[in-house]
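Participant: In order, the protein sequence lines correspond to chains A and B.
Under this note's numbering, the first residue of the first sequence carries the number 1, and numbering increases by one thereafter.
Under this note's numbering, the first residue of the second sequence carries the number 1, and numbering increases by one thereafter.
Derived by calculation from the structure, the hints in this document are not laboratory data.
Relax, there's no trap hidden among the hints.
What the simulated footprint calls covered on chain B by chain A, stretch by stretch (three residues with Cβ under 8 Å from a Cβ of chain A suffice, anywhere in the stretch; the number is not a length):
no.	stretch
1	40 to 52
2	100 to 106
Here are the simulated DMTMM-like pairs of lysine to aspartate or glutamate, each with C-alpha atoms no more than 20 Å apart in a straight line:
no.	chain 1	residue 1	chain 2	residue 2
3	B	K60	A	E100
4	B	K56	A	E100
5	A	K9	B	E42
6	B	K52	A	E100
With beta-carbon atoms standing in for the labels, derived distance ranges:
no.	chain 1	residue 1	chain 2	residue 2	range
7	B	T71	A	E59	17 to 25 Å
8	B	Q109	A	L79	35 to 43 Å
9	B	P10	A	N65	30 to 38 Å
10	B	K56	A	D26	29 to 37 Å
11	A	G51	B	S14	44 to 52 Å
12	A	G96	B	S3	21 to 29 Å
13	B	Q81	A	Q105	19 to 27 Å
Cβ coordinates follow ideal geometry from the N, Cα and C atoms, glycine included.
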Amino acid sequence: NAGVTQTPKFQVLKTGQSMTLQCAQDMNHEYMSWYRQDPGMGLRLIHYSVGAGITDQGEVPNGYNVSRSTTEDFPLRLLSAAPSQTSVYFCASTLGRNTEAFFGQGTRLTVV
Amino acid sequence: GDSVTQMEGPVTLSEEAFLTINCTYTATGYPSLFWYVQYPGEGLQLLLKATKADDKGSNKGFEATYRKETTSFHLEKGSVQVSDSAVYFCAPRDTGRRALTFGSGTRLQVQP
Numbered sequence: 001n002a003g004v005t006q007t008p009k010f011q012v013l014k015t016g017q018s019m020t021l022q023c024a025q026d027m028n029h030e031y032m033s034w035y036r037q038d039p040g041m042g043l044r045l046i047h048y049s050v051g052a053g054i055t056d057q058g059e060v061p062n063g064y065n066v067s068r069s070t071t072e073d074f075p076l077r078l079l080s081a082a083p084s085q086t087s088v089y090f091c092a093s094t095l096g097r098n099t100e101a102f103f104g105q106g107t108r109l110t111v112v
Numbered sequence: 001g002d003s004v005t006q007m008e009g010p011v012t013l014s015e016e017a018f019l020t021i022n023c024t025y026t027a028t029g030y031p032s033l034f035w036y037v038q039y040p041g042e043g044l045q046l047l048l049k050a051t052k053a054d055d056k057g058s059n060k061g062f063e064a065t066y067r068k069e070t071t072s073f074h075l076e077k078g079s080v081q082v083s084d085s086a087v088y089f090c091a092p093r094d095t096g097r098r099a100l101t102f103g104s105g106t107r108l109q110v111q112p
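Next up, chain A with everything else stripped away, as it sits in the complex (with noise of 0.2 Å):
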C-alpha cells in the first residue's frame, strides 16, 4: 500500500518561477494537509483540506494556492516562487479529526 506519495522529492527553482508539487494518498482519508518545515521552527500549516472541493488557509497560506478536486488529490501550488519558499514541504492525510496523520516523504525546494 502506497499511502501518501509526494512528487517531486527535489526541486530547485528560480525567483518567479510557478510549480506544482503533487500530493496523493490511496486511504480514503478526507483529511489532507501541507506543512513546510523549516529549521528551528517545526511545521507550520500551509493549506488544509475537509473533503474535496473544501480548502481553507493554516498558518502562512501566503504564496501558496491548493485545491481539491478528489479525495485522493491535493496539490500545492507555488505561483511565483521567492527565496523565502525554500523549505521542506510535508503532505498528509488524516481518517479523521482524532486520528492519526499519515505523511508523505517530503519535497525539498529550493528557490534561487
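Since the structure of chain A is provided, determine the placement of chain B on it from the hints.
Facilitator: Just chain B now, with coordinates in the frame of chain A:
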C-alpha cells in the same frame, strides 16, 4: 488557538541512558495528543498517541501519559539505542481543529 512547547535540542545521550523529552500544550478544547518521529531524510511517522486524560500511549519502548491537570505529554524511554536518533515532535489535535499543531521538534542524538 493551540500551541505546543517542547524542550530545546539537541539532546545527546549515551546508549542505554534514560530519555525524557518535555512537552506542554495549550488548547481550547480537549485534544488528542500525539508524538511523531522523523528519522533522517524521511517524513514524520506516528510514534504513540493518547486520546483522553490519564491515558498512556506506548510504542517501541517509548511512553507518554496524558496529564490534563498539567497540560503535559512528556515522552520517556528507559534505555535509548543509537537507532532512536531522530527528531521528535509533540502534536496536540483539538477536536475543533482540522489539522495538527506541531512543536518545534527535539533532536535526539544517541552515541554508542
